[in-house]
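Asker: Sequences listed follow chains B and V, in order.
Start counting the first sequence at 1; every next residue gets the next number (my numbering).
Start counting the second sequence at 113; every next residue gets the next number (my numbering).
Take the hints with a grain of salt, since some may be wrong.
What the hints assert, rightly or not - Covered stretches of chain V, as calculated for chain B (at least 3 residues, CB under 8 Å):
#, stretch
1, 140-152
2, 171-184
3, 212-224
Quick caveat, the hints were computed from the structure, so don't treat them as lab data.
Positions of the beta carbon are idealized from the N, C-alpha and C atoms, including for glycine.
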Amino acid sequence: EDKVVQSPLSLVVHEGDTVTLNCSYEVTNFRSLLWYKQEKKAPTFLFMLTSSGIEKKSGRLSSILDKKELFSILNITATQTGDSAVYLCAQYGSGNTGKLIFGQGTTLQVKP
Amino acid sequence: DGGITQSPKYLFRKEGQNVTLSCEQNLNHDAMYWYRQDPGQGLRLIYYSQIVNDFQKGDIAEGYSVSREKKESFPLTVTSAQKNPTAFYLCASSREGFSGAFFGQGTRLTVV
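Could you build the full structure based on these sequences and the hints that come with them?
Answerer: Written out as structure tokens, the structure reads:
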């Protein structure tokens, strides 16, 4: 059964810290792995990763995928209070059905 | 503007009543998804549809039903068979080839 597991489930840091969020997955037919940020309601898209070892970067956020070890990390450097959110990892796979499944999320709180 | 519209934002229903949540998109996306989110949890897949007149059960389909009569619309009915329907419901869509799913603003359903 396809599965996505995130860790830690919650994290509290201070502004300026660097954080690493983890996502491991099990899938029968991997297509891509995605990261989303959810602040209030709708998750917003951050990254989509399809190839191992290629870092995707957007400002202070970056992410990388390891298809051999079946995991991905999301790094946030120089955290700000505006980074406080739930970060969701999702996997798009399972053959032609296009099933998109999510992990439990990591709740990040950045204190001033 | 293109996007996904969910309505209503808040919905209150008495126990034992069926209720239908609306999801409309004007992005010309082929695939649409329904997720349920409980407090402190990730997103759990209820149903998804890759094309008109076809849909598949997700991980928690019991007590829910959907239809996909038009490409733009994917309504979700929460039936009286759903044991614990109070939750936040999110609709998403993606285009063929998948470059990330886009979400509506969600419907918060409270059953009293």
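Asker: In ascending order, which of the hints set out earlier in this document are inconsistent with the structure?
Answerer: As far as the earlier hints go, only 2 is violated by this structure.
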